[in-house]
Amino acid sequence: MGTMATVPMDVRTVAACRAIAAEIADDVQRYIDAHTSVGVERTILRAFGVDGVDDQGAPLVNVAVDRYQKAGLLDRGISYWLARALAAGMKDPQEAAERLAYGHEVDRGEGGLSPDQARALLAPHAALAMQRIDTAREAREALRARVKAGPTPHKYVIVATGNIYDDAVQARAAAHAGADIVAVIRATAQSLLDYVPHGATTEGYGGTFATQENFKIIRRATDQASEEYGRYIQQTNYSSGLCMAEIAWMAAVERLDMLLNDAMYGILFRDINMCRTFVDQYVSRRFIARAGIVINTGEDNYLTTADAVEKAHTVLTSQFINEAFALRAGLKEQQMGLGHAYEIDPWLEDSFLMEMAQAQLIRQIFPKHPIKWMPPTKHKTGDIFFAQVHDAMFSLVGITTNQSIELLGMFSEAIQNPLLMDRYLSLKKTRYVYTAAKHLGEEIQWKPDGRVAARATQVLREAHEQLVDVQRTTIWEAIGNGAFADVKRTRTGGKGYAGVVARAKDYVNPILGLLEKT
Amino acid sequence: MGTMATVPMDVRTVAACRAIAAEIADDVQRYIDAHTSVGVERTILRAFGVDGVDDQGAPLVNVAVDRYQKAGLLDRGISYWLARALAAGMKDPQEAAERLAYGHEVDRGEGGLSPDQARALLAPHAALAMQRIDTAREAREALRARVKAGPTPHKYVIVATGNIYDDAVQARAAAHAGADIVAVIRATAQSLLDYVPHGATTEGYGGTFATQENFKIIRRATDQASEEYGRYIQQTNYSSGLCMAEIAWMAAVERLDMLLNDAMYGILFRDINMCRTFVDQYVSRRFIARAGIVINTGEDNYLTTADAVEKAHTVLTSQFINEAFALRAGLKEQQMGLGHAYEIDPWLEDSFLMEMAQAQLIRQIFPKHPIKWMPPTKHKTGDIFFAQVHDAMFSLVGITTNQSIELLGMFSEAIQNPLLMDRYLSLKKTRYVYTAAKHLGEEIQWKPDGRVAARATQVLREAHEQLVDVQRTTIWEAIGNGAFADVKRTRTGGKGYAGVVARAKDYVNPILGLLEKT
Amino acid sequence: MHPTPPAKPLRAYGDREGDGMVQMSFVLQLTPGVRAREAAKRFSESHGLREPIVATMELCAEGYTYFVVYGHSKHSVDVSQIDVPEVRTEALTREEIEHRISTRLGRKIIVVGACTGSDAHTVGIDAILNYKGYAGDKGLESYKGFEAYNLGAQVENDQLLARARALDADAILVSQVITQRNCHKENGQALIEMAKKEGVRDDFVMLFGGPRVDHKLALELGFDAGFGPGTKPADVAGYLVEKLCGLEPPLPPASKPTAK
Amino acid sequence: MHPTPPAKPLRAYGDREGDGMVQMSFVLQLTPGVRAREAAKRFSESHGLREPIVATMELCAEGYTYFVVYGHSKHSVDVSQIDVPEVRTEALTREEIEHRISTRLGRKIIVVGACTGSDAHTVGIDAILNYKGYAGDKGLESYKGFEAYNLGAQVENDQLLARARALDADAILVSQVITQRNCHKENGQALIEMAKKEGVRDDFVMLFGGPRVDHKLALELGFDAGFGPGTKPADVAGYLVEKLCGLEPPLPPASKPTAK
Ligand code: B12
Ligand code: B12
Ligand SMILES: Cc1ncc(COP(=O)(O)O)c(C=O)c1O
Ligand SMILES: Cc1ncc(COP(=O)(O)O)c(C=O)c1O
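From first to last, the protein sequence lines are chains A, B, C and D. Per this note's numbering, the first sequence runs over residues 1 to 518. Per this note's numbering, the second sequence runs over residues 519 to 1036. Per this note's numbering, the third sequence runs over residues 1037 to 1296. Per this note's numbering, the fourth sequence runs over residues 1297 to 1556.
Source of the hints: derived by calculation from the structure; they are not laboratory data. Incorrect hints may appear among the rest.
[What the hints assert, rightly or not] Straight-line distance between alpha carbons at most 30 Å, and here's what the computed DSSO-like set of lysine-lysine pairs gives:
#1 Lys1174/C <-> Lys311/A
#2 Lys1144/C <-> Lys1044/C
#3 Lys956/B <-> Lys438/A
[Claimed, not checked] Partial list, derived from the structure: chain B residues whose beta carbon lies under 10 Å from chain C:
#4 Ala606
#5 Gly607
#6 Met608
#7 Ala641
#8 Val677
#9 Gly680
#10 Asp684
#11 Val687
#12 Phe904
#13 Ser930
#14 Ala932
#15 Asn935
#16 Leu938
#17 Arg941
#18 Thr1010
None of these values were measured; they are calculated from a predicted model. Glycine included, every Cβ here is placed at the ideal spot set by N, Cα and C.
Turn these sequences into a full structure, and let the hints steer you where they fit.
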């Protein structure tokens, strides 16, 4: 490969941005390390192998954790109580969890078992959890070594029929038409559910429920497609919402390749409480890190509510912060699919140049990161013929600046979840643009004193200024002031705050312990 | 305007190409200067003001010229015979022509009137012809000074309903949607007719007949549109086929802005005889030059029958030759809309880069020329959604390399003449691309050692080699060997050869005389 | 453009009056071939297309083929039979609105808006209510005569109604963007029924909005008016003022054309 | 892809079996507005679209509006009722063709081709006849067993027929690319009638080809076979060989899918 055209990038400013982001994240990390949440504790139970739902469909992990939370005992960690149940003779974590959930009385922790004893008792089970993750990871790596992925930018499409079996059909069709990555979009309401639905599902508005069984079904379909088309097809879902950590676990063991996972998306776009989100994202990422999954962050969404020209720098600011959080959760740069998007009003003069500037800047600032590049959505109308063109220009920027993961624009964006035909046509169009302009990025140079260079410089400068600001006020305040996406949230507002628990001094969580040692 | 990105262009090679093309054209010009044709002579009659058809629809100019040709008298020029009829008492050229056509006997030229006397007698009528052209030209210039044209690339669309009144509706609709230039495509069969149909027409396959009345009707519609939308709308038609010179005259006085007019198109694509074509194109261009009309040459067509990658240089070769012919007919560079096209198989790797190279090279070699840039046609299929994208990439090259006249691609290219909606959507798409990438050409530089540069260098080199070849064999032979468009034609083959006449020593043509003095 | 008013009934227009040209695309569960082409033709004919041209036929998934078809539709639509009244084109100016509120009503108009159910698309309701507004037109918050409460996204119907009652609001503004399987209709209707059950339906002017909403639909669901894509805050303000001042309010504007 | 064979009758497929989703676009001579939107809906409904969504409505010329519509088509097509037989997929190889000609016929097959009437599109007939061929498949000229005469473009029917008679040709190949107002059909039919009148129709295998041609149409016009877009020279060669050797010739292949 020749050298790609670059835009000016002041390395000192970039270093300064990273340093500030680190401080911003450290501040929050102190809070995270002192807290847990119902979501986190449920995840831990799942990792210990606890499964199943009651006759109302309530997952066992929810019943158990809620019970101990209500009893004010969650601050010691559900693991501690699980250990005690095991010590009391339960044959395995499943039976132990059932006792926590349905046992005659809540264990108030009288007598016996010190935290260290609990940890010792749980150690083999915790090791088993790690092994399940590692086995899945190795299986993925083996498959990817045998069946190679296509070249970047990877073509990422969504399926979203609501019915996992139809999704499987669509996923294979997408792979047939050239997709590299298939995401199953979640049902509209799921992220606000404080539990993970169970089993295969065939109904869902706006998408399909993320359940462990659904993960299996779709993974099977994409594995088959990988084998059949001789190209590794990546599978994606959403680790976000009130169950972000649980889904991370499920994805880890069901061998998903990617997860939408962002340190702040839930806060901004789902009005989920920030304390809850920060705690949950950390734990989810610890699992993700170990599983070798690539995250996709959600900065692209900012430009759907805020102006893409004026607020371009907020995307970069947030990427630095997301990166800092991710590093603290053990993620490698190669796992950080930082998000950005082509959302400038297409009718603005030189909008294409501004998009180039932003895409190239991000590419340079995050060179090892599998950057996630989102298509136009906000300015799409029902004019599908125009939308095709808009999306083509987007793909052209994608190939020119060598983005890593390209979500394909759909000409029916303003109308519906993509139909089979829409996805096919989008893939065809993208294949054309990638082929026809394959080496464009190597062929050109951006004029050093041109508009593109100036725009890139401006965005980096503004991001630096904003980072300084965020650090000064702390991120908690900054979000309160609408720093991102033009959305304002308060520290104790939003959904799920009640599910946050300060850890006791003798908090027990051997699984997190192992993950933190990874 | 900043400076546009350039490709390497060896100025000496370019100069050498021009010098060779001059010799190639000079060779043919000697032939031209010694010949006339029925088409030329009819044109001269029209320019003297002769008009009308008989009850069979046969134009008076045809009847008159054919009669004198059959009699073997055309070698002295129809003007000579016209002068004699005037000298014999006919009150004006119209009456004189009627006598030539329907008079009792053919005037065998016995006695009286020397060539010089004939010229003197015709002088005021010839002056009137010039005046009609000049008046139209001045009217155009006045209107264009008042109602300014839009920026380049000018957006050029075709209308082709077959019915001139529907065409007028479509033309105004196109102007409303942003078109700068409207062409009325000709009926499929017209170019092989050895006469120009008369009056307003409402039937035609594949297009609308070019008639003087139709020119008036459509000009009125586009003039109205110019006034209404405050943007000068250019009107175009076809000066090609067996009546290319007559149409040039009609266009000149009906104030058309452009004409499709090529020194070789008829030979290659209509199998019109080369002698005939060379003679006709010269005279047509003499009128065009005086009228201030811009020609559009047809090299783009070569790539519909020959491969656009392998035969790219033949386009350039032909442009040099067309330019040389045009110079000999008195055209200014600013009137030479040399044609080329985006016809590379879109699925070829880096096809977009090759198109860029060609477009930029042509732009540099012909900097003052209003280059005509044709959209993809050959590789269009009925997949209209894909075609939109293909056309968008074409428009992107157009704006990046600042082509002058851009024929807009139509997504229904493989299906039908464009519908109202197709044209609207194409204009919308083009407006978007031009706006979004307005300054792209100024923002980039092509790597001096890159693929684009190499391609441009190769095309120029190959064109030079081909020119050397053509000169060696003469163009008559070269066309026989399939030099252009992979089509082979012989010197005396093809349609219309019988209409070519060697000029006698005392050939009279005062109108051409005046045009040659312009 | 044509000098004469449109002939009734109207046919589709390709490039000549009455040619009836329409374009269709669809997928059939067939493999490309002679038979698939014929199937596509017949399928098109059953829609009323004469002489359909199968412009493209491509395998788009194993066993599925994508078609583009053109044909002359025999159908027409009689516009004179359409009872939906045409839009009043002149909206009130900001000054007129403010003036009417202060002179005729003499108090602020209180509005409460939300994007309801599981729908989290706030951009539309924000555009109408928030200061920033939409396409250069400032939102209701920017008017002296309005007091606007924007409850944001994912608000349950009962919360919205409770809030409106608590604030003694004049109007309730509901936004619905997600429309899969008509959930927007269900959500909207459920709110109206709840209001009726609580006997407060007539205490509020109730407006419905979103990209798939039009006036007709809103009326069917029991709202007072519906607002579709391209609505500007001033349209809503104008409507509310006239409605609350007891005048005949202008109809909600048609969805705006989206061209640039 | 689906394990089961397609249900008959077939409906359009959006993203779920049986959803019937189709897309349409068209222009109506109306100005965008409430009434135009309603007219577009009704127009769509008259084509059999249920719950049509007017996705876009834009002024595309003064007084004309462009619409994109999606809707659930109620129509279906019964593939089992389609009598057009499916293609024989394996074409003969070049070697097989040459072999059969030399062994069974023992002489060259003489073909004469042209693009007729005012049609000047030679690329198609050139692709079939000339050495260069099409998409990597060499034309009939390249076969030892064929003697191919390509008369080029704009050839009148009587010239073509005269030439075929003079050459004592086995087959006449007609290409028609321009199809406006069905002139290809008229031209084709006129040639057949001329041949019949001259009593020579059965002296030749007569083939019809072009982007809008299919086997069915060619038969209707009186040709022996029709060849559409994507035809390769070998398809034609194979057909001619089998036909002239008195075997049941393979059907012309379906128009090829155009995807890459
Ligand atoms: C921005 C956006 C988002 C943002 C929303 C951010 C936010 N805070 O609003 C984010 C990224 C978070 C998002 C998420 C999702 N989205 Co979304 N999103 C969009 C998008 C791109 C633009 C919508 C928009 O902002 N339009 C601009 C506003 C100004 O227009 P508007 O809403 O029509 O409002 C105007 C009028 O309708 C009117 N109006 C609207 N409401 C009201 C109310 C009243 C009272 C009045 C008077 C007027 C009025 O006035 C406004 C100004 O003119 C559309 C696609 C598109 N281009 O339309 C998809 C789209 C709406 N989303 C969709 C989906 C499915 C989702 C998800 C469910 C996907 C998933 N499974 O994860 C999620 C979940 C969200 C949820 N639970 O609701 C689908 C909906 C499909 C359907 N028809 O049912 C769409 C169409 C995309 C698609 N093709 O799949 N989305
Ligand atoms: C190239 C081209 C031209 C070239 C032709 C050069 C030449 N020497 O052939 C030029 C530039 C000269 C030209 C001119 C015109 N063209 Co033209 N042209 C095209 C174009 C872009 C491609 C056609 C082509 O070459 N296809 C490739 C070949 C290989 O495909 P094919 O013809 O289908 O052939 C295959 C099969 O059909 C089959 N086949 C074809 N014939 C036969 C015969 C037999 C016996 C068999 C067995 C098989 C067979 O085998 C072939 C190989 O698979 C099309 C648009 C498009 N993309 O389709 C317009 C198009 C065909 N042209 C069109 C028009 C209107 C014209 C003009 C009339 C415009 C004008 N008014 O000036 C002129 C006049 C020409 C005339 N009198 O015929 C229209 C026709 C509209 C219609 N449906 O009626 C089209 C569709 C463009 C458009 N949308 O307006 N054109
Ligand atoms: C990072 C991230 N998480 C989650 C989502 C959406 O998922 P949900 O709203 O179901 O949490 C998105 C939106 O596309 C996203 O970008
Ligand atoms: C230079 C030129 N002349 C003429 C034509 C076509 O016109 P006709 O075939 O009617 O002569 C073309 C084709 O587009 C052309 O490029």
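Self-check item: Restraint check, 10 Å cut-off on beta carbons, for Ala932/B near chain C
Solution: 7 Å, holds
Quiz prompt | Interface hint status, Ala606/B versus chain C (Cβ within 10 Å) | solution = With a minimum Cβ separation of about 50 Å from chain C (threshold 10 Å), the hint on Ala606/B is violated.
Quiz item: Does Met608/B pass the interface hint, meaning its C-beta sits closer than 10 Å to a C-beta of chain C?
Solution: 44 Å, violated
Exercise. Let me know if the C-beta of Val677/B comes in closer than 10 Å to any C-beta of chain C, holds or violated.
Key: At about 8 Å, which falls below the 10 Å cut-off, the nearest Cβ of chain C leaves the hint on Val677/B intact, so it holds.
Quiz item: Against chain C, is Asp684/B within 10 Å by beta-carbon distance?
Solution: Holds, because the Cβ-Cβ distance from Asp684/B to chain C comes to roughly 5 Å (cut-off 10 Å).
Exercise. Let me know if the C-beta of Phe904/B comes in closer than 10 Å to any C-beta of chain C, holds or violated.
Key: 8 Å, holds
Self-check item: 30 Å Cα cutoff - pair Lys956/B, Lys438/A
Solution: Roughly 22 Å separates the two Cα atoms, so the pair holds.
Quiz prompt | Given hint Val687/B near chain C, where the shortest CB pair must fall under 10 Å | solution = 6 Å, holds
Quiz item: Given Arg941/B as an interface hint, is the shortest Cβ-Cβ distance to chain C below 10 Å?
Solution: 9 Å, holds
Quiz item: Any CB of chain C closer than 10 Å to the CB of Ser930/B?
Solution: 8 Å, holds
Quiz prompt | chain C contact restraint on Gly680/B - CB to CB distance below 10 Å | solution = At about 9 Å, which falls below the 10 Å cut-off, the nearest Cβ of chain C leaves the hint on Gly680/B intact, so it holds.
Exercise. Given the hint that Lys1144/C pairs with Lys1044/C, test it: the Cα-Cα distance must not exceed 30 Å.
Key: Roughly 47 Å between the alpha carbons, so the hint for Lys1144/C and Lys1044/C is violated.
Comparing the model with each numbered hint stated earlier shows that hints 2, 4, 5, 6, 7, 18 do not hold.
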